[in-house]
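**Q** Residues per chain, in single letters:
There are 2 protein chains.
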Amino acid sequence: MARFFVEQLPAEGGSCTLTGENADHAKVLRLKPGETVTLCDGRGTDCPCTVEGGLTLRAGASLPCPGEPSARVALYLAFPKADKAEHVIQKATELGATEIVLFPSRYCVSRPDDKSLAKKLDRWQKIARSAAEQSRRGVIPAVRAADSYAAAIEEAANADVPVLFYENEARVTLREALSETNAEASVARPRTSNACPYIQITLMTGAEGGFSEEEIAQAKAAGMKICTLGPRILRCETAPLAGLTAVMYALGEI
Amino acid sequence: MARFFVEQLPAEGGSCTLTGENADHAKVLRLKPGETVTLCDGRGTDCPCTVEGGLTLRAGASLPCPGEPSARVALYLAFPKADKAEHVIQKATELGATEIVLFPSRYCVSRPDDKSLAKKLDRWQKIARSAAEQSRRGVIPAVRAADSYAAAIEEAANADVPVLFYENEARVTLREALSETNAEASVARPRTSNACPYIQITLMTGAEGGFSEEEIAQAKAAGMKICTLGPRILRCETAPLAGLTAVMYALGEI
Chain A
2 MARFFVEQLP AEGGSCTLTG ENADHAKVLR LKPGETVTLC DGRGTDCPCT
52 VEGGLTLRAG ASLPCPGEPS ARVALYLAFP KADKAEHVIQ KATELGATEI
102 VLFPSRYCVS RPDDKSLAKK LDRWQKIARS AAEQSRRGVI PAVRAADSYA
152 AAIEEAANAD VPVLFYENEA RVTLREALSE TNAEASVARP RTSNACPYIQ
202 ITLMTGAEGG FSEEEIAQAK AAGMKICTLG PRILRCETAP LAGLTAVMYA
252 LGEI
Chain B
2 MARFFVEQLP AEGGSCTLTG ENADHAKVLR LKPGETVTLC DGRGTDCPCT
52 VEGGLTLRAG ASLPCPGEPS ARVALYLAFP KADKAEHVIQ KATELGATEI
102 VLFPSRYCVS RPDDKSLAKK LDRWQKIARS AAEQSRRGVI PAVRAADSYA
152 AAIEEAANAD VPVLFYENEA RVTLREALSE TNAEASVARP RTSNACPYIQ
202 ITLMTGAEGG FSEEEIAQAK AAGMKICTLG PRILRCETAP LAGLTAVMYA
252 LGEI
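Chains as they are written, first to last, in the numbering used here: chain A, 2 to 255; chain B, 2 to 255.
Heads up, some of the hints might be wrong.
All copies of an identical chain are treated as equivalent in the list; a pair is satisfied when it fits inside any one copy or across any two copies.
[Claimed, not checked] Calculated pairs, SDA-like style, for lysine to any residue (alpha carbon to alpha carbon, straight line, at most 20 Å): (1) K127 x R236; (2) K127 x A143; (3) K82 x G14; (4) K85 x C237.
Calculated from the structure, these hints are not laboratory results. Predicted model only: the values in this text are computed from it and were never measured.
Just need the whole structure built from these sequences, with the hints factored in.
**A** Written as structure tokens, this is what we have:
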């Protein structure tokens, strides 16, 4: 079923018309009168609509989007090389991330200047939007950059479960980090409404060169839980998606 | 630490010389006398060695490779378009797959002929080898093709936990499939040796067009457990890696 993100949802029984990129997309899909499509406000609420003809829709009753996970997971990625960020943003959106924050770190090879970063962020946000439509998400993950490593860990450490994956950590597992904060217990919680309080989880991963020991000490001091992703060494574009998938499985979302 | 796959491991105290691609790789790394490297037989056993000089190594005692998971997970992928297979093979190797089998299915867009398939398999096997070295695996996943969908499901259904992920299945979860066969209990099992019996898990995923209803009925009849990967629709290159990661988390491997 076709899915369109709109600024505001129509009231039940009201009509609305697709515009801009949504109209272009709808023309490609050749919507037929009587067909059902879904409008979504990008904040977790869906509105099923019936095509009346052309680009005009008649709205049904809104409901919480079933594609939204029961936790808010933000990925914090050190700037990777080449087009790896695009790959991670697309897949992380499919897998249920709420926010994707890129940050500089000591061993980052890629250090975009302000002008190229603004362009990249614009492109990355479009990738997230398109992946959210395709995967039937109810929220388009916000993609943004942190000014510094210090700023990134300060923010990330505020979550209920703030995790940093480090290849030299062999002992502490993600399972332990989640159980400490009882995040896994939320598996038993029925998904009733998008209004119930969300657990906030942050997952932080390094660039190709990993983290320096000083950076790990700094993250620990800020309150990040330093965890392993297992004995296999994952590439910098694999690690965030593996961490995110594992969290989604732990939460009963996969 | 550098890692090389060899046909046969030297006996403890014996010496050996790196040859072929391993020699080329070692020259790039500029190994120094006294440095430690690891030889691996690709069947789960590691042998730490000391560089004596040039390409000559002195062997230490062999041991089970710590990078091998406690279950054998085979991925069965319907042939995807373009270079997606390369991507999945590289990441699946990092994440711990033991075997990757590609198969044709009704809605596959990509249908390589015998000649191009032989070339592709050769290339895919090299990608798996290189990813196994980088990620510190003890086994190079075998990459091969099944002749038909029927042949693929017949093989896949033989596993202890044979799972097929289907986007129209909303109810049965991977967690249920794993708990039915008590696979999750293996979390508690200490990793003592590579000789203990492995749980065999197969994870089957479709191509861009998904599976037909007839194919799902055929898989069910063969004994495959039809499962959901959650309410978000994953791309055909994301689904196998999400399934594999979730299994590895369930088994305590992540």
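**Q** Give a verdict on every hint.
**A** Right, here's what the structure says about each hint:
1. With identical chains, the CA atoms of K127 and R236 are at most 20 Å apart between copies only, with a shortest distance of 17 Å across copies and 25 Å within one.
2. Taking the closest pair of Cα atoms, K127 and A143 come within 20 Å of each other only inside a single copy of the chain (10 Å); across copies the shortest separation is 37 Å, beyond that limit.
3. For the homomeric pair K82 and G14, neither the shortest alpha-carbon distance inside one copy (49 Å) nor that between copies (42 Å) is at most 20 Å.
4. With identical chains, the CA atoms of K85 and C237 are at most 20 Å apart both within one copy (9 Å) and between copies (18 Å).
In the structure shown, a violation is registered for the earlier hint numbered 3 alone.
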